[in-house]
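Student: Join the two chains into one complex using the hints; note that each chain is given alone, in its own frame.
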Amino acid sequence: MHDTLSVSNSTLALGFVLVIVALVIGYKEKLGIDKDIIIGVVRAIIQLSVVGYVLKHIIKVNNLWLTLAFFVIIILNASYNAGKRGNGIPHAFEYSLLAIFVSTSVTLGTLIWTGSIQFIPQQVVTVTGMIASNTMVAIGLSFRNMKQTFTDHQQHVLEKLALGADVKLASLDILRGSIKSGMQPTIDSIKTLGLVSLPGMMSGLIFAGVDPEKAIKYQIMVTFMLLSATSIGSIVSCYLAYKEFFNKKKQLKMDLLS
Amino acid sequence: MNIIEINNLVYQVDSNTIIDNVSLKISKGDYLTFIGPSGSGKSTLMKLISDMISPTSGEIIFEGKNMDDYDPTEYRKKVSYAFQQPNLFGKTVRDNLEFPFELRNEKVDTEKIIDYLKLVNLDESYLEKSVTEVSGGERQRVALLRNLLFTPEVIILDEVTAGLDTDNKQIVHNLINQFNKDYKVTVLQITHDESEIEEAKKIINIVGGKIENA
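Going line by line, the protein sequences match chains R and X.
With the working numbering applied, the first sequence has no gaps in its numbers, which climb one by one up to 258 at the end.
With the working numbering applied, the second sequence has no gaps in its numbers, which climb one by one up to 1214 at the end.
Just chain X, with the same shape it has in the complex (with noise of 0.2 Å):
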């Protein structure tokens, strides 16, 4: 079964065509991994795909049903989409990860927090770090773990492990994959990295808001 589908979708920007009839069938549990030059429409594609903006024309159906009948707030639990270069917010690492708790209306389940850090290797005494003392590193691990403590349907990485050194990429792989494996996550990445493109299963290569071969 598809969990998204994509129909014909154009994005345009004043006259200039960004997305060009893009159209394109992603299974659950799919791990696609978008190539393409910069300024190619790939991180416009995902975010087309997130919701953090709308199609000209064309239509984004997710789980068989229109992406726009869906409330955003609630697709986007679903549909989670991570930055290359993210802030972290409030004072400390704990604000971070409290915060999918608190848009939930949840009560805060800081063992399950605690479970999550030693999945990318950090402590229970990383809590209580100030956002301001966390490296590069480490903040995109807090950053990811606040888009998957509420497993989503589908994760979207916009180039995260850009600038981290090996250790932190490798850290970051494995939990995407663990992700990926286990909880049948889908995963739409964005990279210009030479050994995640070699390691890819599938490639989608974006030129000119277009798919060259899917």
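So that you can see chain R by itself, here it is in the shape it has in the complex (with noise of 0.2 Å):
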């Protein structure tokens, strides 16, 4: 089955070359993100290269609160960068931790429950960073948009705060379109699935010699994962954070507004 697989560390370097050609398209049209393709790639070998070197041995000791451990780091460290992308919103890295965490664990729960995946860290630990990343991306662009459309929208919240709505029904449209705006990309990419891209566990599958029958079916409940993921932690991310943009006198903070 593995004999296909025939990457070798002189096969990697020669594919080097195709980050060569990124740098002087780059160069060439001074885009300015030389700097970046190659801090990039660095830290993408780096990391990698230790999440391998460290995913060996959890999959080889095989121990659960190895994998807990490893599943704690993943959120965080997902919790982290989605926190960040909040742009200035208070508590941003709270809220993300705890939509991580509702998402991840109900998804992986899930999955585990129903006999999908099995308990053992191959499994958990590879489908928790891809349910991790997508919840990341999926309210990163919640929280954007969230902050954007109180800023382009402030008028609309203030006059209905005005006529004496509460927080949560003057912001009930830029909460429906945040939580959408999270949604969306996984939306999109499964009209596409099997049309315009063979997504990654599919792919990776059919790389190492599984019949593709069998990949589809996989792909079909990363599919389902993915959907559950990003909903919940786009529905639980932005209903916490909207209430941010108020004070306790229910007054919008045109502080935080960009």
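Some clues are possibly wrong.
Unchecked claim - Within a straight-line C-alpha distance of at most 25 Å, the following computed DSS-like cross-link-like pairs (lysine-lysine) qualify: (1) LYS1201(X) / LYS1169(X); (2) LYS1202(X) / LYS1169(X); (3) LYS1201(X) / LYS250(R); (4) LYS249(R) / LYS1065(X); (5) LYS1078(X) / LYS250(R).
In short, the hints are calculated from the structure, not lab data.
The structure presented is a predicted model; accordingly, all values stated were derived computationally and were not measured.
Tutor: See below:
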């Protein structure tokens, strides 16, 4: 099954020529992204090498607490990055942490409960990474949309408050739009599954020699999983974060708007 | 009896004093016209009275009770602020006129809405009109009905007739006068309009965040 997987260190080094293509384009077109590309590539190599090494040992040891520790590290990291995208929204990290924890736990728990995956490190850790990273992106998009819409539509909100609306009713359209913006990329990518993209999980299994019919079943599971994760993550984070745009007197915090 | 009593109100942003130690007593049913140069603090004073912003110091007493002791949403239903260039919510005029019922968790009274539309020379057919199709004058009239469908104690008008033609201005004046006369709604209006200033019952001139004459 693994005979076709022949990436060695030397072939990887030769593959680096693809990075040089990107660097040359960036340099020629004066895009100013040379530094970002180099830092990104170096970080990717180091991070993946470390993760590969750690994963190898976690899989080998197969210890419950070590697997859970990795689960926590992934969630903390994803929350930190999602929180940063909160761009000044108070408690964005805490809200991201709760949202990612809930979405990952519910989704992962359901997958284990239904028997779709087993509680073994190579499945739990990889699936946790997929869920947490997609939820992180969804929350980041939701936060960005929320702040922008509160800024653009502040008079709408003020008019509703002035009529006596509670903060939730005054923000309902913004809340719905922000949740939707977090889920939209997942929904869009689902629509083109198989037609445009052959996503990671499925491609990886086919690469490893698994029967495409079986690989497709896993991809369908991943699709269900990501839909659940991004919707739970977006809803939890948005419902927690919108209140930060108001003070205790139910007034819009103008200093929070860009 | 004073419906609103403002004592030593100050509002500062950073080191700028926008409202400078303003005190004012307003009786129920008063119709006050606030004038003054642009940037003198008129709108800020109105936003303070309507609890859209909070003062740096001083107090506002409403119906004998400090404003801070009211739930803000309940207070704003009693002291209603109308904007100069209002937005209409949702998709149709109906969405806007049902909003006051929605925020009070009350069953929508379509008969009442139609009766109120007639007060501003609009008929029932306007209910289904798209918010993108109404003219500036119609938008202001519909927006004012949102404020008045459940009669407030005080209505604050922040240059609501600015940019309206003579006919639309007259319709708005008639509406406000009717509520002031029939329901003793206290009216606090900001205006730069000469004819409105000429017809004003009581003028308050705001200059540099202070009342020049009360």
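Student: Now tell me, hint by hint, if it's right for this structure.
Tutor: A quick look at each hint next to the structure:
no.: 1; hint: LYS1201(X) / LYS1169(X); result: 17 Å, holds
no.: 2; hint: LYS1202(X) / LYS1169(X); result: 19 Å, holds
no.: 3; hint: LYS1201(X) / LYS250(R); result: 34 Å, violated
no.: 4; hint: LYS249(R) / LYS1065(X); result: 16 Å, holds
no.: 5; hint: LYS1078(X) / LYS250(R); result: 16 Å, holds
Violated hint for the displayed structure: number 3, the only one.
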